[in-house]
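Following the hints, put chain H in place on chain G, whose structure we already have.
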Amino acid sequence: MSKGTIFSIEEFAINDGPGIRTTVFLKGCPLRCAWCHNPEGLSPKPQIFHAMDGDEICGREVEAKDLAADLLKNREFFEMNGGGVTFTGGEPTMQADFLCEVMDLLPGVHKAIETSGYCKPEVFKKILDRLDLVLFDIKHTDPEQHRRWTGVDNAPILANLQTLKLSGKPFVIRVPLIPGVNDSLENMEATRDLVKDAPGLQRLELLRYHKTAGAKYPKVDMEYSPAFDTDAEPAVHDIFGNIKLLIL
Amino acid sequence: MLTKRIEQLKDFFFDRHHHSVRRTPEELGLDRLCDRFAADKVPAQMRGAILFEEMTKAEKPVIFDGELIVATRTITRVPSYFTEAEWEEIKSKHYLHENGFLSNISANYKDALAEGLEARKQRFEARKASADAEGKLFLESAVRSIAALQGLIAKYEACAREMGDSALAEVLASIRTEGAKGFREALQLLRFIHFGLWESGCYHNTLGRFDQYMYPYYKKDVESGRISKDEAWELLLSFFLACNKDSDLYPGMQQGDNGQSLVLGGRDEKGNTLFNELSAMCLEASYDLNLIDPKINLRVDRNTPLEIYKLGARLTKRGLGFPQYDNDDVVVPGLIRKGYSPEDANDYVVAACWEFIIPGKAMDIVNIGALSFAGLVSKSVDRLGQYKDFESYYASVDADIKEECKAIAAQYKNLYIAPAPLYSVFMDGTLERARDITLGAKYNNFGIHGTGIATAADSLAAIEKYVFDEKSVSVKDLQAALDANFEGWDELWHKLRFEAPKMGNDDDYADKLAQRLLASFDEGLAPLRNERGGCFRAGTGTAMYYIFHATCLKATPDGRKAGEVIPANYSPSMYTKHKGPVSVLKSFSKGDLARTINGGPLTIELDDTIFRNEENLEKLAMLIRSYVQLGGHQLQLNTLNKETLFDAKAHPEKHRNLIVRVWGWSGYFVELDECYQDHIINRIKFAV
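Residue numbers (the working numbering), protein chains in the order written: chain G, 5 to 252; chain H, 8 to 695.
In isolation and in its complexed conformation, chain G is listed as follows (with noise of 0.2 Å):
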């Protein structure tokens, strides 16, 4: 039996997936994306954060079966309405024996995981065998400006995306809309390309920047200075043609 280390349990999380579900928070993310508004699931460890009313710890550990046994009480309201659970982060495939162990524990409940698809291979095959539903994000598709912009090298993400497709999942793309960083036409092209052809693919959701993303920062001792213009309004191209868009 294995521990993980959660940072929150979300009910009622209405952008993440089908029908009322309840929302898992990992800690931990191998990406520094300069636009993250969750700076408290970056580290993998619970930390100090400074709440409204004073400080309190964020993150737990937790074991597998508590958690599972957990999310299991709302299985009825899961049922009645469509819903399950969502795995999110951080970036959930950071613990993915943890995550596995969970799952396995929720037999018939529909599961999905958001996540950023920067994990090894094996691991991405091994949770995608127990999941209904995956929201992946596809942030940049030049790999140059994905390392200048969340740290990291796009390439196993694209790997673990092609994956995905060879896979008939259904699955979402999702797309954080940053002004200048990654609404060029040009990326957005390429982001469709990758996808079009998909059996698997629902939908692609555009998520707008949103200002409020360096709220949180100071409350776990970090600063926020992104290197792109937090005032702009990024763009949204007309170029998705039968692809079901949403823009959040």
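I should point out that these hints are in silico values taken from the structure, not numbers from a laboratory.
Just so we're clear, the structure is a prediction, and the values are computed from it rather than from any experiment.
Just so you know, not all the hints are guaranteed correct.
Stated by the list, open to error - Below, computed lysine to any residue pairings styled on SDA-like, alpha-carbon distance capped at 20 Å:
1) H:K584 with G:I61
2) H:K568 with H:P508
3) H:K597 with G:R79
4) H:K597 with G:L76
Just chain H now, with coordinates in the frame of chain G:
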């Protein structure tokens, strides 16, 4: 969509241009009518009729440009028909509910619209022959009241003719005597009846099952081509808008607390769904108008299609604090259990806030008093040392609740309600009995709110867990900490406030205690009868008592400090971060809520940012449906934006039209007293 006409009228009323026609009773010499009544020893029953006659005579008919549904109050206040000395005398001998005049019941509009005023007046007249002296007096007061209302309609008719609006004049000529011929006539007649109820001094005048009693007129007119759907839509908007014209003059605890509840949907005795095309139009009209009245209730049950919940959710998104969702699966059996006939129970409507009441047939006083769960549990802590286990301690709390029920019930002796001849005309059985409605009806039950349930349940849970089960907190320490308002007891305070089991987290430890408290309440009231032979109904609402009961409450074992608020209605405590709305819904739908059939909604605050797309609206509809399917009785959702509220408090002038739900009603935020504003701001901290 609003029509151009309605937009213009809405702006006109919102800018208060119609206030210029208002006069005070003093200017009109109506304020001292009571002196004449007293000097002439006019019986109270007749005073009601004469005052109404004088008011309607003094009314000036005003028809504003473009109005389709007319009648506007031009007199600011309805004076009492008693002198101060007489009123003191009455008060010394009687229990008076609120201001002593009739409030918070629901008329039988359905029959009134069908029959018409003239036929009804004649029936009341004819009944005199076989009535006793008191009966004759009542019937005469009723006849004169109807005639006065007809007189007012006649004045409007003349005014319409003078203005050259012959269509309106025809409508008015028709409804002065006859039953409603069509949709416009029905709306206009309803407007005058409702107007009359306010003008005769009654208040919290509800509107009942509007979509049910109006639908036949709508259907007939639209199907026969007498009016088009567009015309019907504009008429509906006109009526809704009219409900807002005079509402600042209606008495209530705060402006907006005026009881203009309107009920949609529901089912009949056979279980058939009654939601119709007009019901959907009402939800849309309310959405498009974006005004505080009428306050919409949506009756639903486990079989209600998701599409209907979605229509409701769309209005919820608007942020008006309604519709309030009422679950027929719980309410109907709950009413039957308290002695209402199945037919009547299925016909229930909602009184001013959330209390279930039967139109035409109930003289229930649904908000006569309140039991403070939090107060009783708080007091019981002083004697905690006497008990060796939790069960014997709870038995004492149970006994306290039952004693309190008796004590509350005993207060309401010698009830007096000032006679209401006009309202009596629109209630069932008054003609047969030849008695004013205020003297009683088929149902004469009293409703008692139950306040601070979460504070009480959380307190008991902390006591059970730490004092009796774990024995980690001594009785002495707990008492000392509460006496000190937790000064110097930080660690204990933190444990009680943040670590103890809480109602709202789907944790049976606390939820079971809430169910036990409600059961004790229901059992305590069950054997009691009021002087009219009616029963007492237990409720989960708080009304304004969430402010009253909290101010005199010391620190409580749930970690709440003295002076901190208690939640409004049937809701989780306000300083705990709960697991989320799903757990809250589950906690608050446990147990048999048919036992607390006086009503009182679970109230949840939603941040308006969740409504970013259509999909999320459907998810909200699912959430509401789940509460109903799990057996919750009543739900109220408030859509708010934190920044807006903070800004509105700081700059009220910029937010004149910001609407919020307060306890069982919606009002303009900037018109509220600060304590109510702050309570709302506090609630939003834990919004979804």
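Evaluation of the provided hints:
This hinted pair checks out: K584 (chain H) and I61 (chain G) have alpha carbons roughly 15 Å apart, not beyond 20 Å. For the hint pairing K568 (chain H) with P508 (chain H), the CA-to-CA distance comes to about 17 Å; that is within 20 Å, so the pair holds. Straight-line distance between C-alpha atoms of K597 (chain H) and R79 (chain G) comes to about 16 Å, which keeps the hinted pair within the 20 Å bound. Using a Cα cut-off of 20 Å, the hinted pair K597 (chain H) and L76 (chain G) holds, with the two alpha carbons roughly 18 Å apart.
Violated hints are absent here; each numbered hint is respected by the structure.
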